[in-house]
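Participant: Protein chains in written order, with my numbering: chain A, 1 to 328; chain U, 1 to 77; chain R, 1 to 257.
Note that these hints are calculated values from the structure, not bench results.
Keep in mind that the hints are not guaranteed to be accurate.
Mimicking DSS-like on lysine-lysine, the simulated pairs with C-alpha atoms at most 25 Å apart in a straight line are [stated by the list, open to error]:
#1 Lys127/A with Lys138/A
#2 Lys297/A with Lys280/A
#3 Lys76/R with Lys28/R
#4 Lys297/A with Lys122/R
#5 Lys280/A with Lys122/R
#6 Lys95/R with Lys27/R
#7 Lys127/A with Lys280/A
#8 Lys28/R with Lys297/A
#9 Lys117/R with Lys297/A
#10 Lys117/R with Lys95/R
#11 Lys109/A with Lys127/A
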Amino acid sequence: MGLHPLRLGSGCFCVGRLSASHSPVLMCPLLKATMGLLQFQAPTQNDTMPWVVPTTCDWVVKFQELANTQPEAYFLELPHLHRGEKGQQRWLEEIYGLVRLLENQTGRKLNRKTLLSSVQIFMHAWKVFGRLIELRRKRVLAGVWFMVAANSFLLDSIEIWTERVHQMLETVATHPPAPEGNGVFLAGSPIIFPNFKLLHLIETAGMDVYGDDLCTSERIWPGAVCYEEPSYRGIMRALAERYHKACICPTFADNERRINSILNTLQQHHIRGVVYHVLKGCHPFDIESFNLEPRLKSRGYHFLKIETDYVQEDSQNILTRLEAFGRI
Amino acid sequence: MNEIAVKSNPRRQRLLQRVRMEIHAELEAARLQLQQRADYHPTWDYFLNLLMRPLAPDRLQAEVGPSGETFMQFGTV
Amino acid sequence: MGLKVGIDLGSTAIKVVFVENEHLVWKKAVPTTPGQTRIADHLTAEGLWALRCTADTLESVVFTGYGKGLVNGTGKVIDEVSANSLGAFLLSGGKARTIINIGGQDVKVIRLSATGKLLDFKMNDKCAAGTGRFFELAGRILDTPVEIFGELGQAVADPVNINSTCAVFAESEIVSMMAKGIAKERIIQGLHESIARRIAGLAGGLDMEDDFYLDGGSANNQALVTAIEEELCRDVYVLPHPQFTVAYGAARSVETL
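The task is simple: from the sequences and hints, build the whole structure.
Facilitator: Listed below in structure tokens is the structure:
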């Protein structure tokens with residue numbers, strides 16, 4: 001339809017103070033920073049284009065109300081049960097609603113051909129991204145660089161981004177792998193540039209991230225979109241299913257799949273510990289940590305929960321814990 | 001809305017200007033930290049530039065993409 | 001004679017120990033001030049002088065604690081949780097399985113295996129509640145040396161309930177209690193109980209089948225020990241030289257590093 005999604009979200013610490021006076025103290029720092037950045041927004045031609053807000057956590061749901069800026073948000077109502085048919089059906093209706101909105105905004109119709117072409121473009125990008133994941137698992141690509149590439153997804157045209165990732169892979173693939181060391185799995189709240197504090201501290205403590213389940217990193221794709229029939233409805237159903245049923249965001253009530261997914265990665269890639277990142281105020285990830293910790297420990301994996309925000313002052317405290325974790 | 005929150009307030013303008021500079025400093029410091037790593041390669045600059053751009057205060061004025069497409073803003077999922 | 005030196009550059013105190021074979025032969029703690037490495041050098045020289053030894057008898061020097069990153073040049077470095085684990089395990093004669101450390105700006109609960117291997121640990125984040133700093137703050141408000149908190153709190157039968165786990169808000173809670181004329185001793189014992197609750201919360205996620213071993217500067221406070229025992233329903237043993245456990249572990253770590 002000639003539109004490109006642009007991801008909102010910021011890891012910038014200093015801008016948070018612009019939103020501090022009109023937001024809760026314990027608000028998710030990611031959204032607080034994003035809200036602060038919106039203070040700089042100037043009226044543009046894009047004001048008529050709404051933000052599309054999937055109703056994930058409470059902070060996201062109330063974001064428009066707190067930010068009080070234009071344009072208006074368009075809420076994609078996310079059913080919080082996603083394993084059953086009912087939730088998936090409701091989500092599919094939401095996707096059709098979004099299509100209607102986009103058609104009204106652009107005056108163009110979404111058809112089977114353009115939808116298929118777009119799915120293929122995304123799937124090509126997904127395959128290239130898969131190679132990136134592979135290089136990180138093989139210690140050829142440092143965890144921090146993986147995060148740079150993943151974080152920049154949806155900040156440019158998908159084709160250009162994919163091409164650049166491909167070029168970068170050609171360069172990096174020739175590098176020798178780093179010596180086998182202390183690989184960890186990073187789970188939990190999203191990490192967004194420039195706040196790479198935790199990644200740098202993990203490296204300083206002599207470890208590296210071999211895998212993660214962050215929605216700004218490895219989890220930007222839930223996997224391949226598989227359709228049984230390439231009809232318009234068939235592709236729409238496959239898209240809805242893939243991005244809802246396969247999503248392991250902790251805002252879902254029936255999220256057993258996340259634990260299994262983490263356990264699989266740990267087992268397959270011989271990763272012995274999980275560093276669990278909780279942004280202060282990020283309740284869904286915090287809540288899930290209490291279920292995840294005993295489950296992982298009972299299978300012999302180590303678990304370290306780090307609750308922090310965008311400030312730097314707790315770096316030494318976190319480093320102490322990471323150093324000890326690396327020695328367990 | 002209180003007086004200081006009004007965008008035309010000159011004090012607020014100065015505050016925004018200060019924060020704008022702080023944002024750039026924070027972003028630049030983060031970029032530099034990555035560029036000074038032993039495993040840095042110039043290929044990464046494309047991605048680093050993208051990360052610098054959307055956080056820049058003028059990001060929302062630059063929503064037209066390289067091939068003329070419109071970028072639509074999505075919240076994080 | 002080979003001397004092993006362990007230097008714990010903590011947030012509130014710098015602790016230096018000299019170990020000969022496995023015996024702690026000299027120790028000293030001074031408050032942390034700027035120029036930590038210089039102070040550590042002075043203390044090392046003081047230790048050598050006290051033991052009538054020269055620098056060439058030093059077998060090893062190992063640094064630990066928050067300031068360990070400031071040290072350049074000679075000496076090995078070990079993280080404080082590992083140093084604490086080793087120190088507590090050795091000083092307890094190999095009995096310690098669960099250790100509580102109340103440091104200057106953090107509280108740790110550490111689990112060890114039967115061989116002294118670090119199995120798991122919990123540590124507070126940047127909040128100062130329940131730490132040595134929290135005691136210092138209370139001592140200043142109450143105009144009472146922290147060293148006699150244990151003595152004052154021990155005889156109290158009806159301690160006040162201090163609700164706040166935030167050091168800053170606990171401060172205002174204490175001020176308001178003092179204004180109401182509540183006896184200092186009751187407030188102090190209330191603080192001990194509040195810290196014990198905080199430690200219990202931290203230890204809650206850990207498997208706690210064994211007795212506890214307490215170390216850190218606050219471990220000599222018997223009223224605090226009793227409060228922790230009551231809260232955790234377990235016996236708490238205070239390690240010998242509790243303030244120097246981490247430095248001792250650092251010194252002995254050369255045997256395993």
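Participant: Please go over all the hints and tell whether each is borne out by the structure.
Facilitator: Structure-based check of all given hints:
1. Lys127/A with Lys138/A: Holds, because 17 Å separates the two Cα atoms, which is no more than 25 Å.
2. Lys297/A with Lys280/A: Given pair Lys297/A, Lys280/A holds - Cα atoms ~24 Å apart, limit 25 Å.
3. Lys76/R with Lys28/R: 20 Å, holds
4. Lys297/A with Lys122/R: Roughly 14 Å separates the two Cα atoms, so the pair holds.
5. Lys280/A with Lys122/R: 18 Å, holds
6. Lys95/R with Lys27/R: Judged against 25 Å, a Cα distance of about 23 Å means the pair holds.
7. Lys127/A with Lys280/A: Violated, at about 34 Å.
8. Lys28/R with Lys297/A: Cα-Cα ~39 Å, so violated.
9. Lys117/R with Lys297/A: Holds, at about 16 Å.
10. Lys117/R with Lys95/R: Satisfied, since the Cα-Cα distance of roughly 12 Å is no more than 25 Å.
11. Lys109/A with Lys127/A: Status violated; Cα separation ~28 Å.
Checked against the numbered hints above, the structure breaks hints 7, 8, 11 and satisfies the rest.
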